[in-house]
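S.K.: Read off the chains here:
2 protein chains.
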Amino acid sequence: MQDKELRGQPVAEKITAEVKKHVAEMKEKSSLPTLSMIRVGDRIEDMAYERSAQRRMELCGINTQSEVLKSDVTTQQLIRVIQKNNEAKEINGILLFQPLPAHIDVEAVKRAIDPIKDVDCNNPLSSARMYLDDNDALIPATPGAVMEILDYYDIALEGVSVAVLGRSMIVGKPLSMMLLGRNATITVCHSKTKNLAEICKMADIVVSCIGKPKFVTEEYVTPNSIVIDVGINLDKNNKLCGDVDYERVAPVVQAITPVPGGVGSVTTSVLAQNLLKAFYMQNR
Amino acid sequence: MQDKELRGQPVAEKITAEVKKHVAEMKEKSSLPTLSMIRVGDRIEDMAYERSAQRRMELCGINTQSEVLKSDVTTQQLIRVIQKNNEAKEINGILLFQPLPAHIDVEAVKRAIDPIKDVDCNNPLSSARMYLDDNDALIPATPGAVMEILDYYDIALEGVSVAVLGRSMIVGKPLSMMLLGRNATITVCHSKTKNLAEICKMADIVVSCIGKPKFVTEEYVTPNSIVIDVGINLDKNNKLCGDVDYERVAPVVQAITPVPGGVGSVTTSVLAQNLLKAFYMQNR
Numbered sequence: 001m002q003d004k005e006l007r008g009q010p011v012a013e014k015i016t017a018e019v020k021k022h023v024a025e026m027k028e029k030s031s032l033p034t035l036s037m038i039r040v041g042d043r044i045e046d047m048a049y050e051r052s053a054q055r056r057m058e059l060c061g062i063n064t065q066s067e068v069l070k071s072d073v074t075t076q077q078l079i080r081v082i083q084k085n086n087e088a089k090e091i092n093g094i095l096l097f098q099p100l101p102a103h104i105d106v107e108a109v110k111r112a113i114d115p116i117k118d119v120d121c122n123n124p125l126s127s128a129r130m131y132l133d134d135n136d137a138l139i140p141a142t143p144g145a146v147m148e149i150l151d152y153y154d155i156a157l158e159g160v161s162v163a164v165l166g167r168s169m170i171v172g173k174p175l176s177m178m179l180l181g182r183n184a185t186i187t188v189c190h191s192k193t194k195n196l197a198e199i200c201k202m203a204d205i206v207v208s209c210i211g212k213p214k215f216v217t218e219e220y221v222t223p224n225s226i227v228i229d230v231g232i233n234l235d236k237n238n239k240l241c242g243d244v245d246y247e248r249v250a251p252v253v254q255a256i257t258p259v260p261g262g263v264g265s266v267t268t269s270v271l272a273q274n275l276l277k278a279f280y281m282q283n284r
Numbered sequence: 001m002q003d004k005e006l007r008g009q010p011v012a013e014k015i016t017a018e019v020k021k022h023v024a025e026m027k028e029k030s031s032l033p034t035l036s037m038i039r040v041g042d043r044i045e046d047m048a049y050e051r052s053a054q055r056r057m058e059l060c061g062i063n064t065q066s067e068v069l070k071s072d073v074t075t076q077q078l079i080r081v082i083q084k085n086n087e088a089k090e091i092n093g094i095l096l097f098q099p100l101p102a103h104i105d106v107e108a109v110k111r112a113i114d115p116i117k118d119v120d121c122n123n124p125l126s127s128a129r130m131y132l133d134d135n136d137a138l139i140p141a142t143p144g145a146v147m148e149i150l151d152y153y154d155i156a157l158e159g160v161s162v163a164v165l166g167r168s169m170i171v172g173k174p175l176s177m178m179l180l181g182r183n184a185t186i187t188v189c190h191s192k193t194k195n196l197a198e199i200c201k202m203a204d205i206v207v208s209c210i211g212k213p214k215f216v217t218e219e220y221v222t223p224n225s226i227v228i229d230v231g232i233n234l235d236k237n238n239k240l241c242g243d244v245d246y247e248r249v250a251p252v253v254q255a256i257t258p259v260p261g262g263v264g265s266v267t268t269s270v271l272a273q274n275l276l277k278a279f280y281m282q283n284r
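Those protein sequences? They're chains A and B, same order as listed.
Each residue of the first sequence is one higher than the one before, counting from 1 in the numbering used here.
Each residue of the second sequence is one higher than the one before, counting from 1 in the numbering used here.
Heads up, some of the hints might be wrong.
What the hints assert, rightly or not - Quick list of simulated restraints, FRET-style, between CB atoms: (1) B/Lys20 <-> A/Ala102: 38 to 48 Å; (2) B/Asn224 <-> A/Ala197: 50 to 60 Å; (3) A/Thr217 <-> B/Pro99: 20 to 30 Å; (4) A/His103 <-> B/Lys27: 38 to 48 Å; (5) B/Glu25 <-> A/Glu107: 27 to 37 Å.
What the hints assert, rightly or not - Derived lysine-lysine pairs resembling DSS-like cross-links, with alpha carbons at most 30 Å apart: (6) A/Lys4 <-> B/Lys194; (7) A/Lys4 <-> B/Lys192; (8) A/Lys192 <-> B/Lys192; (9) B/Lys110 <-> A/Lys110; (10) B/Lys21 <-> B/Lys70; (11) B/Lys194 <-> A/Lys192; (12) A/Lys192 <-> B/Lys4; (13) B/Lys236 <-> B/Lys201; (14) B/Lys194 <-> A/Lys201; (15) B/Lys194 <-> A/Lys194.
Hints listed in this document are in silico derivations from the structure and should not be mistaken for laboratory results.
Where a beta carbon is used, it is the ideal one built from N, C-alpha and C, also for glycine.
Let the sequences and hints guide you as you build the complete structure.
M.R.: Structure below.
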């Protein structure tokens, strides 16, 4: 590893180029893979992510289609839309924007997504597959992006100690399992962990996914630390920032991902990778 | 915690008494819970465990029935036996002895067990439920026994650091998830982990489940260490021993489980707990 700032963009570009190549090869023999995006209501964040995902799929040569439901849609209506997408042969992946309105039974909706099309890993069965080291597992986008960044920058994982801050089902837990699968020694930390700064200092790699702005300071790192910042928060001035206090930590450590421009900029590429994998699984 | 030697027997007795009480209460209104044990061939170890499980169920007031298949049974025949047990309303749990003969497709057989009757957590879906914090999850017996011992001896877990040696799907991984669910800070170690002795020394609790006789020595512990030994191995003299070199470690540490007489003596009680839970789930 040579770079100090571990930017996401070159990682995303490399993945995109790979996916694009495979899609182009497929084009000659079969139909194009297609992502179906389902949005409930008009939340600005959803629409921004929708545009970003659509752009990435375009770059990869992947079709997208959008389905927009009114924000007063019922759980049953939403589930029926998902089932229609499950059954549609021309759809290879389903991306459902979240959070959903409060009146929706989120768990029922997530479970309705067929795991073989669950490119955003919403169905608990998808997370479970990953835990079970199932080769057919689709990988949740954010932990997948972390792994891609580590690999792109040639950061060794075998026998390396990683402190994972956070244990959510979306990032911390699956990421811990993925790191363990690559023979890292993982320490899973959370709000009840004592001596957190000490633990982080002892680790070769610190990954923070706790959603607290600028929580990780220079007291958590050493000149050897590699810091991966998964957080996307707003600071006191409503400016985008990570879990890590970049200004104070970056000068000290060996390498660090920026926010924005780090992990977050790789997630749609992992989504495209998942869609390609889902396409292969559905057509094998 | 007062005891230095964390023996399994009183833990098993306490669980047994609790299960027995619930079974007695149920007896008045409904049928007795029943465990079906399926054994292939006549391996001495299987027959010993069968006797031990049968005895424990008897103590709890739980019915057992045994099905013994010839060791040349086919995968399909074995799966049919399991399906028969899945469908039988009077059967609440299925215990399949392992390892199975080499010609059997073990994964297919495990997957055949209905998760709601999978009291020994063989179906990957059962492990997955536990990973997903599903309340209906049945708990794998050995990690369950570790948790019961920790609780019985009032060993606090919240914020406490635990080094788990081993990451198998049977013990290390599910145990790590269970400890995390109880707010411990877990470090999952394995054959590729560097500075293992150091990591163990820093932890409040060390749990070893790696299957290497007397691997953990006094260099891995401090006077504050609590050591849980999951290993059941044979030493050079063909004598039963754990992963921990008891003679060298016990004098140094705060508390330790013996082998035999520790974790292993609690597993059939966890099995009985699971059977009771399965019974309730099937009758709710």
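S.K.: State, for the Cβ atoms of B/Asn224 and A/Ala197, whether the hinted interval 50 to 60 Å holds or is violated.
M.R.: 21 Å, violated
S.K.: Range first: 38 to 48 Å. Now tell me if the beta carbons of B/Lys20 and A/Ala102 are that far apart.
M.R.: Once the Cβ atoms are compared, 45 Å apart, the range 38 to 48 Å for A/Ala102 and B/Lys20 holds.
S.K.: Is 27 to 37 Å right for how far apart the beta carbons of B/Glu25 and A/Glu107 are?
M.R.: 32 Å, holds
S.K.: Evaluate the given range 38 to 48 Å for the C-beta pair formed by A/His103 and B/Lys27.
M.R.: Given a distance of about 44 Å, which is inside 38 to 48 Å, the answer is holds.
S.K.: Within a Cα-Cα threshold of 30 Å, do A/Lys192 and B/Lys4 meet the stated pairing?
M.R.: 27 Å, holds
S.K.: For the hint 20 to 30 Å, verify it against the beta carbon of A/Thr217 and that of B/Pro99.
M.R.: 51 Å, violated
S.K.: Next pair to validate is B/Lys21 with B/Lys70; report whether the Cα-Cα distance is within 30 Å.
M.R.: 37 Å, violated
S.K.: For the pair supplied as a hint, A/Lys4 and B/Lys194, is the alpha-carbon distance within the 30 Å limit?
M.R.: 25 Å, holds
S.K.: So if I understand the rule, the pair passes when the alpha-carbon distance is 30 Å or less; does B/Lys194 with A/Lys201 pass?
M.R.: 16 Å, holds
S.K.: Quickly compare the C-alpha distance for B/Lys236 and B/Lys201 to 30 Å and report which way the hint goes.
M.R.: 27 Å, holds
S.K.: Check the hint pairing A/Lys192 with B/Lys192 against an upper bound of 30 Å on the C-alpha distance.
M.R.: 27 Å, holds
S.K.: Decide if the proposed pair is consistent with the structure: B/Lys194 and A/Lys192, CA atoms, cutoff 30 Å inclusive.
M.R.: 26 Å, holds
Violated hints, in rising order: 2, 3 and 10; the structure is consistent with all others.
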